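Protein chains in written order, with the numbering used here: chain A, 1 to 200; chain B, 201 to 749.
Worth double-checking, as some hints may not be accurate.
Unchecked claim - Here are some chain A residues pointing at chain B (derived, C-beta under 7 angstroms):
id : residue
1  : 164
2  : 167
3  : 169
In case anyone wonders, no lab produced these hints; they're calculated from the structure. Here the structure is a predicted model, which is why all the values come from computation and not from measurement. For each residue, glycine too, the CB sits at the ideal point set by N, CA and C.
These are the residues of each chain, in order.
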Amino acid sequence: MKPIDPAPGEQTALSRRAVLKIGMVGIIGAAVGTGSTAAFARLVRSPRPKYRFFSDEEAALLIDICEQIIPRDDVAGATDTGAINYIDRQLCGVFARHQQAYRRGLESFGRTCLKQYKAPFQDLSAPVKIEALRAIESGVAPTELWGDPSPRAFFNLVLAHTMQSFYGSPRHGGNRDYASYRMLGLDYPQLVGQNRYAKA
Amino acid sequence: MGLKHVNAVVVGAGAGGGVVAKELSEAGLSVVLLERGDWVSFETHGQDELINQRTTVLGNAYGPDDRNPRVCESSPGNWKIVMPNEGEYGNNAACVGSGTVSYGAMAWRYMEKDFRMRSTYGAPEGSTLEDWPISYGDLEPFYEKAEWEVGVSGDMSTNPFTPPRRRPYPMPAFAYNREGLILDAAAKRLGLHPFPIPMLRNSVPRGGRNACVHNRYCCGFACPNNAKNGTQNTVVPRALATGNCELRTRSIASEVAVDERGFARGVRYFGADDRAQYQTADLVVVSGGAIETARLLLNSRSRLFPNGAGNRHDWVGRNLQNHAYSGAYGLFEEETFDDVGPGATIAISDFNHGNAGIRGGAALCNEFIRPPYGFSGMRPPGAPRWGRAHKDFQRRFFRRCGVVQGPVQEMPVFDARVEVDPSVRDHWGIPVARLSGNRHPHDMEIGRFIASKAELWLKEAGAVRTWTSVPGPTQRGGQHQAGTCRMGSDPKISVTNKLGQVHDIDNLFIADSSLHVTNGGFNPVLTIMALGFWVGHHIAEGWKAGKFT
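Based on the sequences and whatever the hints tell you, model everything.
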């Protein structure tokens, strides 16, 4: 089973599928005129942004938070399964109303770590990362660094969305390779005789 | 040019309206059936846990969409706009068949006492608890029609509390799944009386459609092999087959036109192209569900009814009910999960009535299969919600858990209500429903009692860790919404008579859960269908006698 979305790291290079699409645009462009050919050239040259909504820095922080929520063990975790893809994609769709909560919440959380631990979250040791997240889960954070969302609201938002990414259908960008369904031993889709992967 | 006049307009092709449309068109009336949603199919969303009618984090699979906001009182005096996929919206569905496309399909008859709640228990202070103007016996033949014409699988032979029936179910009951078998033995050890849940699903092929294949996901989803019986695959096609019924989808009713003499003249609506239309008719039936029916009546202002059709005494939209679902969760050492869907198989009716100090009660059933995302939120109080412990819990207990819950019958509250918002309008410019009010405190007392019984049952079944759940006070209707246009014999304290005929508007009827005086300790859909047959039958009788023209 192929991943539904390319992993974040793969997105700088054009995937085979994207090349095919561009090839088709090129053929159509050549048929209708030079304007389209110029657009095709631009498309090939411009670097593709990694994310729809997040900056690279925001994404790196969020990926690490999600990984603490669903860590990799002998089964894939949030990073492996594309939690960032799911959240990034939904924020430009049905979760558009949460954009500001993510932008401000990540900013507040990043600054909280700098203040409390004198280091960015990503540089903290594993136990300290968990301690830092437990603190905001229970609402303990420097009040001057937080407004709307509150630490608790921000944590609950990320928690819910990480769970959705991991346990929802891969068609939404997470749960790559049906990792959570494998983990639970669930056939998916559950249609007799149509299992899409070898049972765990 | 105006639309061709018809005998009847029915608003809403759900559990009530689908049945009424069939009854009237079979009786020879020309019928236009207006449905705000469209035909839907399994293929659109499949078995997607994040988009269905139960878990709606990415939207409702079967409507409505965001062109249909509502307003809720989030705290006293504070109103906020809510979208259909938010909990406070109190959504059911918007499509041909409405909730019957995606329901869990439990097919309960209410019990005799459920129609006589006030005379059985007396109303607690602060409740408008009342008897229905009809008895179980009045409705019994129409329950039977619903069971046979829509299709129910069941067997009540081991339930001593079941109300009398003249005819057995048309299909045999479903077998218990593993969770059901474990609970069956435990219930018997406790001296309780377990029985298979009656279901609006084919246990055997019937009506040219398949038998159930026990999909994991059923409640909240359309059926991939059409074995679940809703109005969209039974009575609505039969109505259309008469040649007397025209179904207009994506048609949003905005007003029932009531004339100077107090007669309904037809329904104003917006068609699929958003253009305003006016369908005249000899009679009108409103079946929009308890929230939308109340909204439509309140938006139908006329000289005789300046506060909305049938609202002379301010009862339209009042007494919004649902079910105060309460129950318990249990963790087991042995595997309880066998992936035989939909999962809810066993019930007891021992605690529906006759509980000391409690008015009514609830049936208790094992829960539909808990899907993975939903299960990620199912934790004992204080347990870690994330990290390694989260994954360990998922792996250890996804296949080793049991859930028993009951639809606790609520005490109606006058101020739990539907109004129309003074300023917020939907995509078509129609004032939206706004919801406010709380459950009666007694509901939570009943809930705690029911939850304790559920917990006891799970413990006897071998659960090593259990915890209970009782809902909070907020009342927003939801899939079991009911009660907003109650039937009654006194026009001052009800909206329709016992036939669903709106007081003082002789050719305007209601046929849905709005009519429910009380909502039973059971899932309401079979009662809504039975009322559809009841109201439809009496309209057809009246029609034959020359009324309404």
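Checked against the structure, which of the hints given earlier come out wrong?
Nothing - there is no hint that the structure violates, so all of them hold.
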